[in-house]
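A.B. asks: Work out the full structure: start from the sequences and follow the hints.
Going by the working numbering, 159 is the number at position 167 of the sequence shown; the sequence numbering is gapless.
It is worth saying that the hints were derived from the structure and are not from the lab.
Glycine residues also receive a C-beta, built at the ideal position from the N, C-alpha and C atoms.
Ranges of calculated distance between the beta carbons of each label pair, as one might list FRET restraints:
no.: 1; residue 1: Ala82; residue 2: Asn119; range: 19 to 27 Å
no.: 2; residue 1: Gln75; residue 2: His41; range: 35 to 43 Å
no.: 3; residue 1: Leu54; residue 2: Gln75; range: 17 to 25 Å
no.: 4; residue 1: Ala82; residue 2: Phe5; range: 30 to 38 Å
no.: 5; residue 1: Ala196; residue 2: His77; range: 33 to 41 Å
no.: 6; residue 1: Arg21; residue 2: Thr50; range: 19 to 27 Å
no.: 7; residue 1: Gln75; residue 2: Ala16; range: 19 to 27 Å
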Amino acid sequence: VVLRKIVIGSLLFLVGLHAVWAMALAGLRVMNPVTTGVQIQRRIDALFHRTPYRKRYTFVSLARISPEMQHAVISAEDGSFYQHHGIDWAELQKVAEESGEKGELTRGASTLTQQLVKNLFFTTHRNPLRKLCEYTLAPMADRILGKRRVLELYLNVVEWGPPGIFGIEEGAKFHYKVSAAQLSREQAARMAAILPAPRRWRPAHMDDYSAIILARMGKAGW
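C.D. replies: Listed below in structure tokens is the structure:
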């Protein structure tokens, strides 16, 4: 009886959380986020470790972001962005097969939508519950927000450099001293290349990976 109550209570709690997240996503269709889960995490980390921290975060519309930058991020992070509905099941199967052959997880398969959900509502800390929530929220986000808004939000909320630099506008200023609208094709590919580790990697050092991204862009017709 106790176990049943715990299970039912946990399910009701998760349903309630998803209802709150759904309302938040509906609001994000027209409102830009003031802060995110990852931004709050970085500030708390700085306080805990007593390190200097200044958040730089300027939200810009998709129209004010270089198309080259948009294409570079999709090519780098989620080549099937316009084909899937939040979860790339084909890519997941491919990763599972590769990992099974090598006996370890070879790489991730998170879509831009999953990464957006993580940045908005969670932290960078890895745990199974967060991943489960990502898989349930990503299709919801894809449906509620639509592709254009998902891409716009993603480009504006993810980290693009050392602690405190969020969004492509501030990232472009930090790395290249230009606005997001002024990023060239080469600069965009190098910016996209640092996304797996933006606090450690720098665009100037990403020769090999940026070349791969540029090749993917060309193959996609961009």
